[in-house]
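Chains as they are written, first to last, in numbering that gives the first Met the number 0: chain A, 0 to 133; chain B, 0 to 442.
Think of the hints as simulated: they come from the structure by calculation, not from any bench.
Backbone N, C-alpha and C fix where the C-beta goes; we use that ideal spot for every residue, glycine too.
Treat the hints with care, as some may be off.
[Claimed, not checked] From chain B, some residues computed to sit far from chain A (all C-beta separations above 12 angstroms):
| id | residue |
| --- | --- |
| 1 | W211 |
| 2 | E224 |
| 3 | K366 |
| 4 | T379 |
[Unchecked claim] Cross-link-like lysine to aspartate or glutamate pairs, in silico, EDC-like; alpha carbons within 16 angstroms at most:
| id | chain 1 | residue 1 | chain 2 | residue 2 |
| --- | --- | --- | --- | --- |
| 5 | B | K280 | A | E113 |
| 6 | B | K206 | B | E154 |
| 7 | B | K49 | A | E79 |
[Unchecked claim] Examples of chain A residues lying across from chain B (beta carbon under 7 angstroms, computed):
| id | residue |
| --- | --- |
| 8 | S41 |
| 9 | P45 |
| 10 | M51 |
| 11 | H52 |
| 12 | T55 |
| 13 | D81 |
| 14 | P85 |
| 15 | T86 |
| 16 | T91 |
| 17 | M108 |
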Amino acid sequence: MEIFKAIRTLINISLLFTVGLVHSQDQASITNTCAYKLSFVSELDPIEINRMHSWTIHIETLTGIPVEGAAITLEGGMPEHDHGLPTSPRMTAELGSGDYRIEGIRFHMSGVWEITATIIIDDTHNLCVIPLEL
Amino acid sequence: MCHTFGTLNKTVLTKKKLINVLLVLLILGFCLWFYAGNKPPYPWTADEIKIIETLHIDSLPLVPKDLSNSISENPLAAKLGHSLFFDTRLSANGKVSCATCHQPDNFFTDKKTKGMGIGSSRLNTRSIVGSAYSPWLYSNGRKDSLWSQALSPLEDPNEHASNRVQIAKLLTNDSYYRSTYESVFGPLPDLSNPERYPAKAAPLPGKLGTAWQSMSEQDRELITEIFVNTGKAIAAYERLLVPGPSRFDSYVKAVSENNLKIQEQSFSNSEIRGLRLFISKASCIDCHNGPLFTNNEFHNTGVISSPTDTPDKGRIDGIRIVKTDIFNCMGVYSDDLNQNCEELQYARYNMPELLGAIRTPSLRNIKSSAPYMHSGQIETLAEVIEHYNLAPLSMIGHNEAEPLNLSLFERRDLLAFLKTLEAPLSTHQNWLISPTTNPKNSL
Numbered sequence: 000m001e002i003f004k005a006i007r008t009l010i011n012i013s014l015l016f017t018v019g020l021v022h023s024q025d026q027a028s029i030t031n032t033c034a035y036k037l038s039f040v041s042e043l044d045p046i047e048i049n050r051m052h053s054w055t056i057h058i059e060t061l062t063g064i065p066v067e068g069a070a071i072t073l074e075g076g077m078p079e080h081d082h083g084l085p086t087s088p089r090m091t092a093e094l095g096s097g098d099y100r101i102e103g104i105r106f107h108m109s110g111v112w113e114i115t116a117t118i119i120i121d122d123t124h125n126l127c128v129i130p131l132e133l
Numbered sequence: 000m001c002h003t004f005g006t007l008n009k010t011v012l013t014k015k016k017l018i019n020v021l022l023v024l025l026i027l028g029f030c031l032w033f034y035a036g037n038k039p040p041y042p043w044t045a046d047e048i049k050i051i052e053t054l055h056i057d058s059l060p061l062v063p064k065d066l067s068n069s070i071s072e073n074p075l076a077a078k079l080g081h082s083l084f085f086d087t088r089l090s091a092n093g094k095v096s097c098a099t100c101h102q103p104d105n106f107f108t109d110k111k112t113k114g115m116g117i118g119s120s121r122l123n124t125r126s127i128v129g130s131a132y133s134p135w136l137y138s139n140g141r142k143d144s145l146w147s148q149a150l151s152p153l154e155d156p157n158e159h160a161s162n163r164v165q166i167a168k169l170l171t172n173d174s175y176y177r178s179t180y181e182s183v184f185g186p187l188p189d190l191s192n193p194e195r196y197p198a199k200a201a202p203l204p205g206k207l208g209t210a211w212q213s214m215s216e217q218d219r220e221l222i223t224e225i226f227v228n229t230g231k232a233i234a235a236y237e238r239l240l241v242p243g244p245s246r247f248d249s250y251v252k253a254v255s256e257n258n259l260k261i262q263e264q265s266f267s268n269s270e271i272r273g274l275r276l277f278i279s280k281a282s283c284i285d286c287h288n289g290p291l292f293t294n295n296e297f298h299n300t301g302v303i304s305s306p307t308d309t310p311d312k313g314r315i316d317g318i319r320i321v322k323t324d325i326f327n328c329m330g331v332y333s334d335d336l337n338q339n340c341e342e343l344q345y346a347r348y349n350m351p352e353l354l355g356a357i358r359t360p361s362l363r364n365i366k367s368s369a370p371y372m373h374s375g376q377i378e379t380l381a382e383v384i385e386h387y388n389l390a391p392l393s394m395i396g397h398n399e400a401e402p403l404n405l406s407l408f409e410r411r412d413l414l415a416f417l418k419t420l421e422a423p424l425s426t427h428q429n430w431l432i433s434p435t436t437n438p439k440n441s442l
């Protein structure tokens, strides 16, 4: 039991940390475990719940070169709740210079969200996690 | 003899003692209950104030545009819709109108377990107040606009049991309807030839369907166009039904302005604690968020079906139905020429979490809209709170909510808070009574 609690606290702290990171850099640069650096700009800034909006996601290599020709899918949910996103967002355009347009994003609760962007380039899938607190 | 007497006396004595002890306990219990009710709550933190301000009625934006209905903001269309909403001639027996189930005096619900028209509706009547803010209508969201929704009860055999030819004929024969319709939508055709237009027909099973099939495709199209416009006019009226400021809203305003006197006048200590539970420990605000107290999304909250009903599959059915509905935003009757239809395009479907998921209802005026839940399963607000406190397993799908472990005192506070959301609509009174322009209704 105690160990369980400790692990949970640890997870919470680390989550808080990553979330803090996103916030402090104005939701622009994102920590990830994938092979790329991701950042996004939301059309709705600050993001509000219950409003449909779009994002522009920017992908570059770890050395800072914009990545072109990628396909992106977004999924996500709330780790502390039992549900995913209320919509199925889709990539609708590659805008050039490593920028991609994702439409159909909406959040329906405040709290901690975790968005997973799957970036597909030449059949390799990269899972990049975007933490977010609303 | 004497011996018997003694024991008797003893029993009487202990009984008396017991009663005294019980009495003292009762008084103590009452004091505790009273004290707990009046114990001053903690002051609000800055973060909490931000949260409760998101629930304030002033954060309600204007009713969002409906691109699929080009006349949705036309005042004359709203007037036409107003008459149609109250007109019982739009039914098989001349006795049922939208207002039969959506009663203005009951915040557009009917106090019944299930709606009662020509027959019994499948589910509990939902309010229409604030519905124009929702991308989806009905508890499973099987409609994606107010106009498309309005067409459904008109031809539902258990609700109005009318049909589109009869309705089109009413619009062309009634002089008020005819002139108003023509000002809004353009000229109405001549439907007087019974060979071309039978008295009753609709694309439904049975006699109505046979009559419908006997009509030419062009004539069927003509009728359906008028039917759709009927829905669009009703929708223009329904957009006007928005909630007004409640005691809760006065309290929040007083908190924002740090006006202690008004805070004290508008909210009791118990209600303040209830509000705090709502936004924290009880996490009601997760789903009942924003100024309408709903995110208009679909959640499985494990509400048990009535014994006579099969469990409602909720959103998993709703999204399947709306995707193939010819009256949806992408269909030919939609005015959204660019086919934007974001909601439909980006909707989720076929996901396990949609099984048994019901659209979150607004909690404004919740005290006056019993019974509760999608098929009126729960009678009282206290029982609703009890339901959330236990968070039972779902009969279908998976209950998202967890047991809350609220004490007796906490449940009382939460209940007191829920009752502060009562208020007359901000809609002008004239819209809330049957219009007299329609001779049938002024009788």
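Going down the list of hints, with the structure as the test:
For B:W211, the non-interface assignment is confirmed: its Cβ lies about 36 angstroms from the closest Cβ of chain A, beyond the 12 angstroms cut-off. The claim that B:E224 is not at the interface with chain A holds, since no C-beta of that chain comes within 12 angstroms of its own (minimum 30 angstroms). Look at B:K366: its CB is around 24 angstroms from the nearest CB on chain A, clear of 12 angstroms, so calling it non-interface holds up. The Cβ of B:T379 sits about 27 angstroms from the closest Cβ of chain A, beyond the 12 angstroms cut-off, so the non-interface label holds.
Taking the CA atoms of B:K280 and A:E113, the gap is near 22 angstroms; set against the 16 angstroms cutoff, the hint is violated. A distance of roughly 13 angstroms separates the Cα atoms of B:K206 and B:E154; the hinted pair therefore holds under the 16 angstroms criterion. Among the hinted pairs, B:K49 with A:E79 is inconsistent with the structure: their alpha-carbon atoms are about 22 angstroms apart, more than 16 angstroms. A least Cβ separation of about 15 angstroms between A:S41 and chain B goes past the 7 angstroms threshold, and the interface hint is therefore violated.
A distance limit of 7 angstroms between C-beta atoms decides the matter here; for A:P45 the minimum to chain B is near 12 angstroms, and the interface restraint is violated. Among the interface hints, the one on A:M51 holds; its C-beta lies about 5 angstroms from the nearest C-beta in chain B, closer than the 7 angstroms criterion. Evaluation of the A:H52 hint against chain B yields a violated restraint, the C-beta minimum of about 10 angstroms exceeding 7 angstroms. Among the interface hints, the one on A:T55 is violated; its C-beta lies about 16 angstroms from the nearest C-beta in chain B, farther than the 7 angstroms criterion.
For A:D81, the shortest C-beta to C-beta distance to chain B is roughly 5 angstroms, which falls under 7 angstroms, so the interface hint holds. With its C-beta approaching chain B no nearer than about 5 angstroms, A:P85 sits inside the 7 angstroms limit, and its interface hint holds. Evaluation of the A:T86 hint against chain B yields a held restraint, the C-beta minimum of about 4 angstroms falling below 7 angstroms. Evaluation of the A:T91 hint against chain B yields a violated restraint, the C-beta minimum of about 10 angstroms exceeding 7 angstroms.
The interface hint given for A:M108 is met, as the beta carbon of that residue sits about 5 angstroms from the closest beta carbon of chain B, less than 7 angstroms.
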